Amino acid sequence: MIIMIAAVAENNALGKDNELVWHLPNDFKRFKELTTGHYIIMGRKTFESFPKPLPNRTHVVITRQKEYSPDGCIVVNSIENAIKVCPKDAPVFIIGGGEIYQQGLEYTDKIEITKVHGHFDADTFFPEIDLSVWELATSTFNEKDEKHLFSFTYQTYLRK
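Okay, so the sequence shown: first residue is 0 according to numbering that gives the first Met the number 0, each after it adds one.
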């Protein structure tokens, strides 16, 4: 199963200057819980935004750069090749960025969204979720608090 996972603002903002524009510790914990032990597909810029590779995950990095070869990663040149190198019988997560989300949407079976309640200045956006293709299966609201400056909602979409 191919699962897209993202934290997305109400205006579909993902980030700016290759960084997130909010800090939600519980969303980081959820991301870790869901993706640990699995293959994660990402673009080169998303990979380079991490201080180091994420532990206990197999990184599949998509890039057009022919000589790109970070230690411990599988490097491919397309979303199709990324999917081919992943196991067919286990969850595989597409984790960004914007261009990879757009390319991966047609292959995705499930979308795990953290909807951040706010509008943000951004240069990278998540594709529009077409409700004629996707059905909202679950939704859990989280109120802002001392650790979270913004309210957010966990949403799971399944392909119809």
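I should point out that these hints are in silico values taken from the structure, not numbers from a laboratory.
Every value quoted in this text rests on a predicted model; they were computed, and no experiment measured them.
For each residue, glycine too, the CB sits at the ideal point set by N, CA and C.
Hints may contain errors.
Below, computed lysine-lysine pairings styled on DSS-like, alpha-carbon distance capped at 27 angstroms [said to hold, decoys possible]:
#  : residue 1 : residue 2
1  : Lys146    : Lys159
2  : Lys159    : Lys114
3  : Lys87     : Lys159
4  : Lys51     : Lys65
5  : Lys65     : Lys114
6  : Lys65     : Lys28
7  : Lys114    : Lys31
8  : Lys143    : Lys159
9  : Lys83     : Lys146
10 : Lys114    : Lys51
Cβ-Cβ distance ranges computed for the label pairs, FRET-style [as the list claims (entries may be wrong)]:
#  : residue 1 : residue 2 : range
11 : Asp129    : Gln64     : 30 to 36 angstroms
12 : Lys28     : Ser68     : 16 to 22 angstroms
13 : Lys15     : Asn55     : 24 to 30 angstroms
14 : Ser131    : Phe27     : 17 to 23 angstroms
15 : Val84     : Thr35     : 33 to 39 angstroms
16 : Pro69     : Lys15     : 29 to 35 angstroms
17 : Cys72     : Asp16     : 29 to 35 angstroms
**OP:** Would you list, in rising numerical order, the hints stated earlier that this structure does not obey?
**Re:** Hints 1, 5, 6, 8, 9, 12, 14, 15, 16 and 17 are the ones this structure does not satisfy, whereas the remaining hints hold.
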